[in-house]
Structures are given as structure tokens and as C-alpha cells.
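Peer 1: Let chain Z serve as the given structure and place chain L on it in line with the hints.
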Amino acid sequence: AQSVTQLDSQVPVFEEAPVELRCNYSSSVSVYLFWYVQYPNQGLQLLLKYLSGSTLVKGINGFEAEFNKSQTSFHLRKPSVHISDTAEYFCAVSSSNYKLTFGKGTLLTVNP
Amino acid sequence: DGGITQSPKYLFRKEGQNVTLSCEQNLNHDAMYWYRQDPGQGLRLIYYSQIVNDFQKGDIAEGYSVSREKKESFPLTVTSAQKNPTAFYLCASSRAWNTEAFFGQGTRLTVV
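Residue numbers (this note's numbering), protein chains in the order written: chain Z, 28 to 139; chain L, 3 to 114.
Hints are computed from structural coordinates only; laboratory data are not their basis.
The model shown is predicted, which means the values in this text are computed figures rather than measured ones.
Beta carbons: idealized from backbone N, C-alpha and C, even for Gly.
Careful, some of the hints might be misleading.
Derived BS3-like pairs (lysine-lysine); straight-line CA-CA distance at most 30 Å [stated by the list, open to error]:
#	chain 1	residue 1	chain 2	residue 2
1	L	K11	Z	K126
2	L	K59	Z	K76
3	L	K85	Z	K126
4	L	K72	Z	K126
5	Z	K96	Z	K126
6	L	K85	Z	K96
7	Z	K76	Z	K96
8	Z	K131	L	K59
9	Z	K126	L	K59
Partial pick of chain L residues on the chain Z-facing surface, computed with a CB cut under 10 Å [what the hints assert, rightly or not]:
#	residue
10	D32
11	A33
12	S51
13	Q58
14	G60
15	A63
16	K85
17	N86
18	E102
19	G108
Here chain Z stands alone, though its shape is the one from the complex:
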């Protein structure tokens, strides 16, 4: 069985501050990892993905994430956030049985 744990349900930050959204996963097989963003009443959009290779992955809108196999983590970071980054962020894991599992989400609120 595979699972995803997002350690913070809500993260409030001030504009231009750095942010880290934490994600841990568990799986008995090799997995691929994703971060998605959701704006209110919409579907999800892909921010970035880790499939193989370099453990530091860069995505859209200045976000990046680091895959750490020993700690089974895939934390999302941004060095300076904007008001427009306010949204819900989901970490997800996919395995070869096609099951795509999401965490419970982290609501990022950027305050002026």
C-alpha cells in the first residue's frame, strides 16, 4: 500500500517570505512523485514532478522540490512567495499499478 502525508494542513506566510510545504510518502515499490496546485473551485494543475535523475526538481512559478529517498520526503519550496501563490497544494505518489494517491493538501495563505 502507498500513502502520502502532508504534515501541515495550513501554512500562513507574508508576501516575499520563503516557504516550505512538507510531504512524506510510503510505498513498498518504486514511485514517482508530484506536486499539484488547486485554486478555488477548479481542478488541479501540475507544479512539478520527480521521475528520476537529479533529486532537485524545478517547476513552474518559481517552485522547486527535493526528493530524499532515505527520508521518503518530497518537500516543496519557494524562496519568495507572492499573493497569487495563495492556493491549496497537493503532494501525490504514483506507482506501477497505476494507483495515483494524494495527500490531504496544504492550504498556503500569503498575506500582504
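Peer 2: Just chain L now, with coordinates in the frame of chain Z:
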């Protein structure tokens, strides 16, 4: 334009009635997914399909049914056996298990 279309965006039904949510994709993707989203619960997997004429139960399949008769279509029926059907439903598709999933805009179902 290529993408995933969910219809309708809002759906109201009386308690005890079955209702079918539509999901169509023109991305030529093999895999399709249905998720249910409730506040604070993240995305929970209902059913998924790797290929036409094949599908598997996800984590919360009870009270739901699906079919995959065509590659581009994966309708979800919410039956009267689903005890708490009011929720936001998201459909997704992917080319393979190790590629990103693309999401529709969702259907908000309200059962009164």
C-alpha cells in the same frame, strides 16, 4: 483544444436517486481516474482504469460504479447506496502511470 471535460459543473439530486457524472478526454490517454474531494480530506480515489474495459476500485469505491467502454469516456454513477454523496468530484487522465495526470474542472454534486 485537448483536455478533460466534466459535465455538468453543478448537479443537484434528491436523496435516493442515482446520478451519473460525465468525464470525457481527447488526450488519447489510457488511464483515467475519479476522485472525491471533501474539505480537509484531500483527494480520495474512488475508481481508476488503466485501459479500456478494465477498472479497479480505489480507496472509497462503496456506493459508486463506473464503466470504461470507450477510451475517451469514464462515467461515474453515484448510487443511492452512497451514504454521503454531496461532494466535489474530480476526473483525471494520464498517458501512463509514470506521467502527470491532467484534471477536469470538477463537478459539484449536492444531494438534498
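Peer 1: All hints are to be evaluated individually against the structure, with a verdict given for each.
Peer 2: Checked hints:
no., hint, in the structure
1, K11(L) / K126(Z), "26 Å, holds"
2, K59(L) / K76(Z), "25 Å, holds"
3, K85(L) / K126(Z), "24 Å, holds"
4, K72(L) / K126(Z), "20 Å, holds"
5, K96(Z) / K126(Z), "20 Å, holds"
6, K85(L) / K96(Z), "39 Å, violated"
7, K76(Z) / K96(Z), "15 Å, holds"
8, K131(Z) / K59(L), "20 Å, holds"
9, K126(Z) / K59(L), "10 Å, holds"
10, D32, "9 Å, holds"
11, A33, "6 Å, holds"
12, S51, "8 Å, holds"
13, Q58, "8 Å, holds"
14, G60, "7 Å, holds"
15, A63, "12 Å, violated"
16, K85, "21 Å, violated"
17, N86, "17 Å, violated"
18, E102, "5 Å, holds"
19, G108, "6 Å, holds"
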